[in-house]
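K.L.:
Sequence:
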Amino acid sequence: MELFDKLGISSAGHPTIDWELTPADTFGTFESWGGRERVRHASERFYYFFINGWQNPPGLCLMERGIKFARVLAEIDAPRELLDQCMARQGKSSYTDKNFAIDPALKDWLQANLLDHFDAAKVHPVKSGLEEESQEAGLPRAGDALPPVKPITLRGTPAVVATAELQDILSRHNFFDSQRMPQGGHFVNALVDNNDDLT
Numbered sequence: 008m009e010l011f012d013k014l015g016i017s018s019a020g021h022p023t024i025d026w027e028l029t030p031a032d033t034f035g036t037f038e039s040w041g042g043r044e045r046v047r048h049a050s051e052r053f054y055y056f057f058i059n060g061w062q063n064p065p066g067l068c069l070m071e072r073g074i075k076f077a078r079v080l081a082e083i084d085a086p087r088e089l090l091d092q093c094m095a096r097q098g099k100s101s102y103t104d105k106n107f108a109i110d111p112a113l114k115d116w117l118q119a120n121l122l123d124h125f126d127a128a129k130v131h132p133v134k135s136g137l138e139e140e141s142q143e144a145g146l147p148r149a150g151d152a153l154p155p156v157k158p159i160t161l162r163g164t165p166a167v168v169a170t171a172e173l174q175d176i177l178s179r180h181n182f183f184d185s186q187r188m189p190q191g192g193h194f195v196n197a198l199v200d201n202n203d204d205l206t
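Sequential numbering from 8 applies to the sequence shown in the numbering used here.
Honestly, the hints are just simulated from the structure, not real lab data.
Here the structure is a predicted model, which means the values were calculated and not measured.
Hints should not be assumed to be uniformly reliable.
Stated by the list, open to error - Distance condition first, Cα-Cα at most 27 Å in a straight line; then the derived DSS-like pairs of lysine-lysine:
| no. | residue 1 | residue 2 |
| --- | --- | --- |
| 1 | Lys13 | Lys114 |
| 2 | Lys134 | Lys75 |
| 3 | Lys105 | Lys75 |
| 4 | Lys157 | Lys13 |
| 5 | Lys105 | Lys134 |
| 6 | Lys134 | Lys13 |
| 7 | Lys157 | Lys129 |
| 8 | Lys114 | Lys134 |
| 9 | Lys114 | Lys157 |
| 10 | Lys157 | Lys134 |
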């Protein structure tokens, strides 16, 4: 797609415009993992258009979004009357959110001017100066060498334990108990990234 080519977005990931995504959806989807049915892994990217009402006059922008990641890729020269009509249809925004979803009229204009027949003069790339945050967990991968760990096997069947037996059990297994074994509970362990791209 010529739009993504101009913005330096690799075609390897098959980027497409998500016409259903709106600014109101983005917090629940990308900041709180509320959109697990939509987002398959942390490195996945979504692209959508919105009207940025924080600037004066409001402008049409293309956003790149992912888990804990947001970047305005471009500002788009769109007819002012289309932007004004779109915002007017949505009513007055709150003080805390001045971003607006696009409407069908703007979608049709974008489709005609940027996707069906690409007009490069209407696209102005935005350089944020921000580097993309690494999504690496920094943990050893499954299969990497780990610190030596002594396995502990616990009884799998229930039993009645007398109070007199507790001290021996706590000491033998290094269990924590606030009164009898406050220094216990320090086990050698390691967290491991299981390579599911969700860690």
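K.L.:
Does each hint hold? Answer for all of them.
P.N.:
A quick look at each hint next to the structure:
no. : hint            : result
1   : Lys13 x Lys114  : holds (20 Å)
2   : Lys134 x Lys75  : holds (19 Å)
3   : Lys105 x Lys75  : holds (20 Å)
4   : Lys157 x Lys13  : violated (56 Å)
5   : Lys105 x Lys134 : holds (21 Å)
6   : Lys134 x Lys13  : holds (13 Å)
7   : Lys157 x Lys129 : violated (64 Å)
8   : Lys114 x Lys134 : holds (24 Å)
9   : Lys114 x Lys157 : violated (61 Å)
10  : Lys157 x Lys134 : violated (52 Å)
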